[in-house]
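Peer 1: Residue numbers (numbering that gives the first Met the number 0), protein chains in the order written: chain A, 0 to 284; chain B, 0 to 159.
Each hint should be verified, as a subset may be incorrect.
So the derived list for chain A, only partly shown, Cβ under 8 Å to chain B, looks like this [what the hints assert, rightly or not]: (1) Asn41; (2) His102; (3) Phe188.
Note that these hints are calculated values from the structure, not bench results.
The C-beta atom is built at its ideal place from N, Cα and C for all residues, glycine as well.
Listed below are the residues making up each chain.
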Amino acid sequence: MKPARFDYVVPATVDAAIEALRAAKGEGRILAGGQSLLPLLNFRMARPAVLVDLNGIKELSFIELRGDRLAIGALTRHREIEQSPLIASKLPVMAAAMRHVAHLAIRNRGTIGGSLSHADPAAELPMLSLFYGAELHVQGPEGRRTIAAEDFFVDALTNCLAPEEIVVEIEFPMLQHDGWAFEEVARRFGDFALASIAVSVRRSGTRMDDARVAVMGVADTPLRLRQVEGKLGAIGIDDGTPDRFAEFVTSSVSANGDLHASAEYRQHLLGQLARRAMQTALAGR
Amino acid sequence: MTTNISVTVNGTKCDIANVEPRLLLSDFLRDTLGLTGTHVGCEHGVCGACTVLMNGDSIRSCLTLAVQANGAEITTVEGLGTPEALNVLQAQFREHHGLQCGFCTPGMLMTGEDLLRKYPLASDEEIREGLSGNLCRCTGYQNIVAAIRSAAALRAEKTP
Chain A
0 MKPARFDYVV PATVDAAIEA LRAAKGEGRI LAGGQSLLPL LNFRMARPAV
50 LVDLNGIKEL SFIELRGDRL AIGALTRHRE IEQSPLIASK LPVMAAAMRH
100 VAHLAIRNRG TIGGSLSHAD PAAELPMLSL FYGAELHVQG PEGRRTIAAE
150 DFFVDALTNC LAPEEIVVEI EFPMLQHDGW AFEEVARRFG DFALASIAVS
200 VRRSGTRMDD ARVAVMGVAD TPLRLRQVEG KLGAIGIDDG TPDRFAEFVT
250 SSVSANGDLH ASAEYRQHLL GQLARRAMQT ALAGR
Chain B
0 MTTNISVTVN GTKCDIANVE PRLLLSDFLR DTLGLTGTHV GCEHGVCGAC
50 TVLMNGDSIR SCLTLAVQAN GAEITTVEGL GTPEALNVLQ AQFREHHGLQ
100 CGFCTPGMLM TGEDLLRKYP LASDEEIREG LSGNLCRCTG YQNIVAAIRS
150 AAALRAEKTP
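Model the full structure from these sequences, guided by the hints.
Peer 2: Okay, here's the thing in C-alpha cells:
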C-alpha cells in the first residue's frame with residue numbers, strides 16, 4: 000500500500016462534504032480528480048485521516064452560459080472543458096490552453112476546482128482564472144462567499160480558503176477582443192510550464208484600446224500584469240509593438256529559477272513568448 | 000475501515016469484499032485480481048505505464064483509488080485482444096516493432112485506444128501530443144507513433 004491509512008467518505012451533497020470536513024477536525028482532505036493529491040498520498044507527503052471524495056456530488060459538474068459569463072462547476076473535468084463547444088466559442092483563450100493541461104489520462108480525471116485549489120504556480124487554469132478575472136464561489140460552514148481569482152492565490156500551492164471551505168463553481172466573464180494568443184513552453188508537452196503567457200487586445204486601427212495580460216511559471220503564483228495592461232492602453236500599434244510589449248513584460252516580472260530552468264532562462268523565455276503572443280494577437284483571430 | 004466494491008473488469012463483474020480505501024486501482028488490478036498486464040512504474044502519475052480505461056476514458060490507475068472504481072467498467076490490456084487474436088492496435092504494434100522491452104507497452108496501448116476513439120489523429124504531431132504522458136525508457140517512440148498512425152488509418156478504412 001502506497002498511501003498511509005485513511006477513512007474515506009463519499010458525500011452526495013456539498014453540505015454533507017463540509018460536515019465531513021468539519022467532523023475530521025482539520026485532518027480531512029478533499030479528493031476531486033486526485034491527479035495532484037494522489038501523488039502526495041503515494042509519497043506520504045500528505046497523510047489525511049479522512050478523505051472526502053467529491054465525485055459523488057453530480058451537480059458540481061456543468062458548463063453553463065449566464066448572461067455575459069460562463070459558469071463552470073468545480074468538478075468539471077479538464078477533458079470536458081477541452082471538448083466543450085461553449086468554451087471554444089465564449090472563452091477561446093481557455094480552449095486553446097486546455098491541450099497544455101497535463102496529459103490525456105490526467106485531463107480525463109482532473110477537475111477545474113481541484114486545479115485552482117491546488118494553486119500550482121505553473122498550471123494553466125489558475126493563470127486563466129486571473130486572465131479572465133474569474134470569480135470563485137466557495138462554500139463553507141458559514142455559507143457561500145465569492146472570491147476574486149486575484150485574491151485566491153496566496154503563494155505557491157497555497158490558496159486563501161478556510162480549512163472547511165470547498166470551491167463549488169467558477170464564473171468567467173467573457174472578454175471582448177480583436178485578437179488573442181496563448182503561448183507556453185514546457186520541458187515535455189503537457190508538463191508544467193517553464194513560462195507561459197496569455198494576451199488579448201482590443202484595438203481601433205493603429206490604437207490599442209485595451210489589453211489583458213497574464214503570465215505563469217515565473218513566480219510563486221500566476222500573475223495578472225495590470226501595469227503592463229495600463230502601459231499598452233496608451234500606445235499606438237506599429238511593427239515595434241511586440242518588442243516593446245516583451246520589454247514591458249520582462250521588466251515587470253523577475254522570474255524564479257529552479258531545478259528545471261534558471262531564472263535567466265525563464266526571463267528570456269518569457270520575453271520571447273510575450274513577443275510571439277503579441278504578434279499573434281495583433282494579427283487578429 | 001474497509002468497503003465492498005463491485006467493478007466490471009474486461010467484461011467480468013468482480014465483487015470484492017473488504018477493500019481498504021487506500022488501495023490503488025493499479026494494485027487492486029495486479030494483486031487482488033492477478034491482472035499483471037497493467038504495469039506499475041513511477042506510481043505518481045508521470046510514466047503512464049499503469050494507464051487503463053475507466054468507463055472508456057484512459058486514466059492513471061496509480062492515481063485512482065480502487066474504491067473510486069466502484070460501479071465502473073475497467074478495461075486493462077488483457078481486455079484488448081488475446082495472443083491468438085490481437086486487436087488492431089496490438090497487431091500494428093507487432094507489425095511496426097512498436098515495443099522493445101515491453102514495460103511501457105500496456106500503457107501505450109491503453110492510451111492509444113483512447114486516442115484512436117477520441118481524436119482524428121490526422122498528423123504525427125497529434126499522436127505525439129497524445130502520447131506525451133507515456134514514457135518509453137527504451138526511447139522507441141518512432142515505432143510506437145508509426146503503429147498508432149497505421150492503426151488509425153486501418154480504423155478509418157473500416158468506418159468510412
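Peer 1: Compare the structure with each hint and give your call.
Peer 2: Cross-check of the supplied hints:
| no. | hint | verdict |
| --- | --- | --- |
| 1 | Asn41 | holds (5 Å) |
| 2 | His102 | holds (2 Å) |
| 3 | Phe188 | holds (4 Å) |
Violation of the numbered hints given earlier is absent; every hint is satisfied by the structure.
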